[in-house]
Each structure stands twice: as structure tokens, then as C-alpha cells.
Amino acid sequence: MSNGPHGKLAELGHELPEVVPPVASYVPAVQSGQHVYVSGQLPMVEGKLLATGKVGAGVSADQAKDLAQRCALNALAAVDSLVGLENVVKVVKLTGFVASAPGFTGQPGVINGASDLFGAVFGEAGRHARSAVGVSELPLDSPVEVEVIVEVA
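Numbering (our numbering), first residue to last: 1 to 153.
By construction, these hints were calculated from the structure, which means they are not laboratory data. No residue lacks a Cβ here, since even glycine has one placed at the ideal position from N, Cα and C. A portion of the hints provided could be inaccurate.
Said to hold, decoys possible - Below, simulated DSS-like cross-link-like pairs (lysine-lysine); rule was C-alpha separation at most 30 Å, straight line:
#, residue 1, residue 2
1, K48, K65
2, K8, K65
3, K65, K93
4, K90, K65
5, K48, K8
6, K8, K90
7, K8, K93
8, K48, K93
As the list claims (entries may be wrong) - Restraint ranges, calculated between C-beta atoms of paired labels, are given here:
#, residue 1, residue 2, range
9, A101, Q34, 19 to 29 Å
10, A24, L50, 17 to 27 Å
11, L12, L50, 15 to 25 Å
12, P22, V133, 14 to 24 Å
The whole structure should be built from the sequences, with the hints applied where relevant.
Structure below.
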């Protein structure tokens with residue numbers, strides 16, 4: 001059995017991706033005191049969105065849950081590049097945005113894709129406060145976006 005968050009990711013079948021370059025004027029993550037604030041992460045792989053469109057019309061809730069998990073992996077990459085995942089003490093807050101078709105109300109289930117990953121990687125320290133918000137549009141027509149705040153040692 002592997003130790004630490006990198007080992008846990010490997011056990012789960014995940015590889016930490018490269019940090020997603022910003023698509024506008026911001027940085028992927030900033031440390032202030034004992035907290036790292038991660039900018040909103042889209043479900044990107046090698047510079048390309050994995051899907052576009054609205055959840056509940058063209059993008060299924062299950063697909064969106066997987067996309068939220070990818071957003072979480074990208075957030076972990078940003079944290080790792082700044083301070084190292086081994087220095088994460090607690091996932092404090094996760095905010096998830098879901099580009100929702102009219103009438104779609106399953107935002108919490110979608111954002112569970114990110115929440116469940118943080119719990120699997122960090123155990124009790126991965127349990128966090130959270131908001132799951134339905135919105136009409138997200139950058140680049142992304143179905144989901146996730147931002148996170150973590151406490152570090």
C-alpha cells in the first residue's frame with residue numbers, strides 16, 4: 001500500500017496531470033498564510049475540454065460527475081505545483097459550478113465527483129464545506145468548474 005496523497009491517487013488509478021495553463025489573466029493557485037486558493041478548474045486534458053454543453057441537455061449527470069472529478073484532479077495538480085500535496089492538512093471549501101439546462105436540479109450529485117475524489121485521497125482531511133451552484137454559462141462552454149481552498153502545513 002502506498003503512502004501519502006500521490007500513492008492514494010495511484011491506488012485509485014489516477015495520475016496527477018500537468019497544471020492547466022490559465023485561459024485568462026490569473027494564476028492557477030495562490031498561497032496566503034496557511035491556505036491555498038485554487039482558481040476555478042475546468043475538465044481539461046492536454047489543453048482541451050473533455051466536453052462542452054449543458055448538464056441535463058447534451059451532457060448527462062453521470063458524465064458531468066466524471067468531469068467534476070477531472071476538475072478536482074486539475075485542482076490537485078495546481079496545489080501540488082505550488083506547495084506539494086503532502087503538505088495539505090485539510091480540504092476546507094469546494095465550490096462547484098454546473099452549467100445547467102433549464103429544470104436541471106442535480107448539481108449536488110454532479111459535484112460529488114470532486115468531493116468523492118478529495119475524500120478518497122485525503123480521508124477525513126478531505127471532508128469539506130461545499131457549495132454546488134447551477135449557472136447558465138461557464139467559460140469555454142464547459143459543463144462544470146470547480147474551485148477549492150485547502151489548508152497547508
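Now for the hints, and whether the structure bears them out:
no., hint, result
1, K48 <-> K65, "18 Å, holds"
2, K8 <-> K65, "20 Å, holds"
3, K65 <-> K93, "18 Å, holds"
4, K90 <-> K65, "22 Å, holds"
5, K48 <-> K8, "26 Å, holds"
6, K8 <-> K90, "16 Å, holds"
7, K8 <-> K93, "21 Å, holds"
8, K48 <-> K93, "26 Å, holds"
9, A101 <-> Q34: 19 to 29 Å, "39 Å, violated"
10, A24 <-> L50: 17 to 27 Å, "20 Å, holds"
11, L12 <-> L50: 15 to 25 Å, "18 Å, holds"
12, P22 <-> V133: 14 to 24 Å, "21 Å, holds"
Going through the hint list in order, the structure does not satisfy hint 9, though it satisfies all others.
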